[in-house]
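Please take these sequences and the hints and turn them into a complete structure.
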Amino acid sequence: MAMSLSCASSIFTPKKSSTTPFTFNFPSHSPSISSSFLRFTSQSCTRHLSSSTFVPKLSQTEAPSVESEAEAVEVQQEPEAVEFEQAEQTLTTTESKGEDVFAVVMIGGRQYIVFPGRFLYTQRLKGANVDDKIILNKVLLVGTKTSTYIGKPIVPNAAVHAVVEEQGLDPKVVVFKYKKKKNYRRNIGHRQPNTRIRILGITGYQDSPASTLP
Amino acid sequence: MNKKEVFKLAKGFRGRAKNCIRIARERVEKALQYSYRDRRNKKRDMRSLWIERINAGTRVHGVNYGNFMHGLVKENIQLNRKVLSELSMHEPYSFKALVDVSRTAFPGNKSLPSAPKKEGLSILV
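Protein chains in written order, with this note's numbering: chain A, 1 to 214; chain B, 1001 to 1125.
No lab work stands behind these hints, which were simulated from the structure alone. Glycine included, every Cβ here is placed at the ideal spot set by N, Cα and C. Careful, some of the hints might be misleading.
Below, a list of computed lysine-lysine pairs in the BS3-like style, where the Cα atoms sit at most 27 Å apart [said to hold, decoys possible]:
no., chain 1, residue 1, chain 2, residue 2
1, B, Lys1082, A, Lys145
2, B, Lys1074, A, Lys172
3, A, Lys152, B, Lys1018
4, B, Lys1011, A, Lys179
5, B, Lys1003, B, Lys1043
6, B, Lys1011, B, Lys1042
7, B, Lys1074, A, Lys181
8, B, Lys1018, A, Lys181
9, B, Lys1074, A, Lys182
10, A, Lys179, B, Lys1074
11, B, Lys1004, A, Lys182
12, B, Lys1042, B, Lys1008
13, B, Lys1082, A, Lys179
14, B, Lys1003, A, Lys180
15, B, Lys1030, B, Lys1074
16, A, Lys177, B, Lys1074
17, B, Lys1030, A, Lys182
18, B, Lys1042, A, Lys179
19, B, Lys1043, A, Lys126
20, A, Lys172, B, Lys1042
21, B, Lys1003, A, Lys177
22, B, Lys1043, A, Lys179
23, A, Lys177, B, Lys1042
24, B, Lys1018, B, Lys1004
25, B, Lys1043, A, Lys180
26, A, Lys180, B, Lys1074
Partial list, derived from the structure: chain B residues whose beta carbon lies under 7 Å from chain A [unchecked claim]:
no., residue
27, His1070
28, Glu1075
29, Val1083
30, Glu1086
Encoded structure:
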């Protein structure tokens, strides 16, 4: 498993070099806001600016958990991201009317079934700001109404586009450690940092071999 | 933990464990120990549940769990058991496609040509 994963990451690396590396400047979003969806996310951005001040400290504490993020998450630069995003939205609307599509995507070492338009909580994606657009390349399976694209291990060129909505924390977990007869007890609270992303669309799977369904 | 917190956590306990602080503290500490342990156990419990679900899903198509997973490994399909169980429940046609891929990859799967004798399940498919 580990060997084949490394081969998958070697597939990603040329793409990573071609697209621009991590550059975040999301104030330039605001003139191009057209849809209500984007307006909603910008509101959430302002709401969480205060919370984002203490984010880096928490994300440092869980350093080993997100190791494969560098391949899976590539945040685009702003100008092309905006126009690309609008084209993306038209594409998803036509697709969602015509057929339901879902994908299985690997985010932070975990696999999720994602549908366009829905949100999901993942492990904290470090270095991603609210309203950043991310492209998830580790697509393991894409299903439409008529066909299924099974990746071995990934579907070539397929990508899931998503936007970061919130950098939050999981509900509190009480970590109570106790050893009998040793006078040892520890009572610690823990909140695992998470990221809420909303799936915008699934692209690039059409030219790969599919097994059509009855 | 102070008294107030203990009683807050002891809500819904039976008998004096919800009213008397000495008993409530004892029970709450034990409950927190169980929850610490069972957060670990949850991982393996869920995995066994997923395996049961995948097994039920593949046997509808005449393949058992072990042969199905072996076929997937041969084809280098790296879907995990959580996703496979969800596919078997909610995406039956995609799951059927996976079973077909696994069956062609591992010839041992071909020995079972059709669905087993369970009439109730085979009617559904």
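Now the hints, each set against the structure:
no.: 1; hint: Lys1082/B <-> Lys145/A; result: holds (22 Å)
no.: 2; hint: Lys1074/B <-> Lys172/A; result: violated (41 Å)
no.: 3; hint: Lys152/A <-> Lys1018/B; result: violated (55 Å)
no.: 4; hint: Lys1011/B <-> Lys179/A; result: holds (25 Å)
no.: 5; hint: Lys1003/B <-> Lys1043/B; result: violated (32 Å)
no.: 6; hint: Lys1011/B <-> Lys1042/B; result: holds (23 Å)
no.: 7; hint: Lys1074/B <-> Lys181/A; result: violated (52 Å)
no.: 8; hint: Lys1018/B <-> Lys181/A; result: holds (25 Å)
no.: 9; hint: Lys1074/B <-> Lys182/A; result: violated (51 Å)
no.: 10; hint: Lys179/A <-> Lys1074/B; result: violated (46 Å)
no.: 11; hint: Lys1004/B <-> Lys182/A; result: holds (25 Å)
no.: 12; hint: Lys1042/B <-> Lys1008/B; result: holds (25 Å)
no.: 13; hint: Lys1082/B <-> Lys179/A; result: violated (34 Å)
no.: 14; hint: Lys1003/B <-> Lys180/A; result: holds (21 Å)
no.: 15; hint: Lys1030/B <-> Lys1074/B; result: violated (46 Å)
no.: 16; hint: Lys177/A <-> Lys1074/B; result: violated (43 Å)
no.: 17; hint: Lys1030/B <-> Lys182/A; result: holds (16 Å)
no.: 18; hint: Lys1042/B <-> Lys179/A; result: holds (22 Å)
no.: 19; hint: Lys1043/B <-> Lys126/A; result: holds (25 Å)
no.: 20; hint: Lys172/A <-> Lys1042/B; result: holds (17 Å)
no.: 21; hint: Lys1003/B <-> Lys177/A; result: holds (19 Å)
no.: 22; hint: Lys1043/B <-> Lys179/A; result: holds (23 Å)
no.: 23; hint: Lys177/A <-> Lys1042/B; result: holds (18 Å)
no.: 24; hint: Lys1018/B <-> Lys1004/B; result: holds (12 Å)
no.: 25; hint: Lys1043/B <-> Lys180/A; result: holds (26 Å)
no.: 26; hint: Lys180/A <-> Lys1074/B; result: violated (49 Å)
no.: 27; hint: His1070; result: violated (14 Å)
no.: 28; hint: Glu1075; result: holds (6 Å)
no.: 29; hint: Val1083; result: holds (5 Å)
no.: 30; hint: Glu1086; result: holds (6 Å)
Checked against the numbered hints above, the structure breaks hints 2, 3, 5, 7, 9, 10, 13, 15, 16, 26 and 27 and satisfies the rest.
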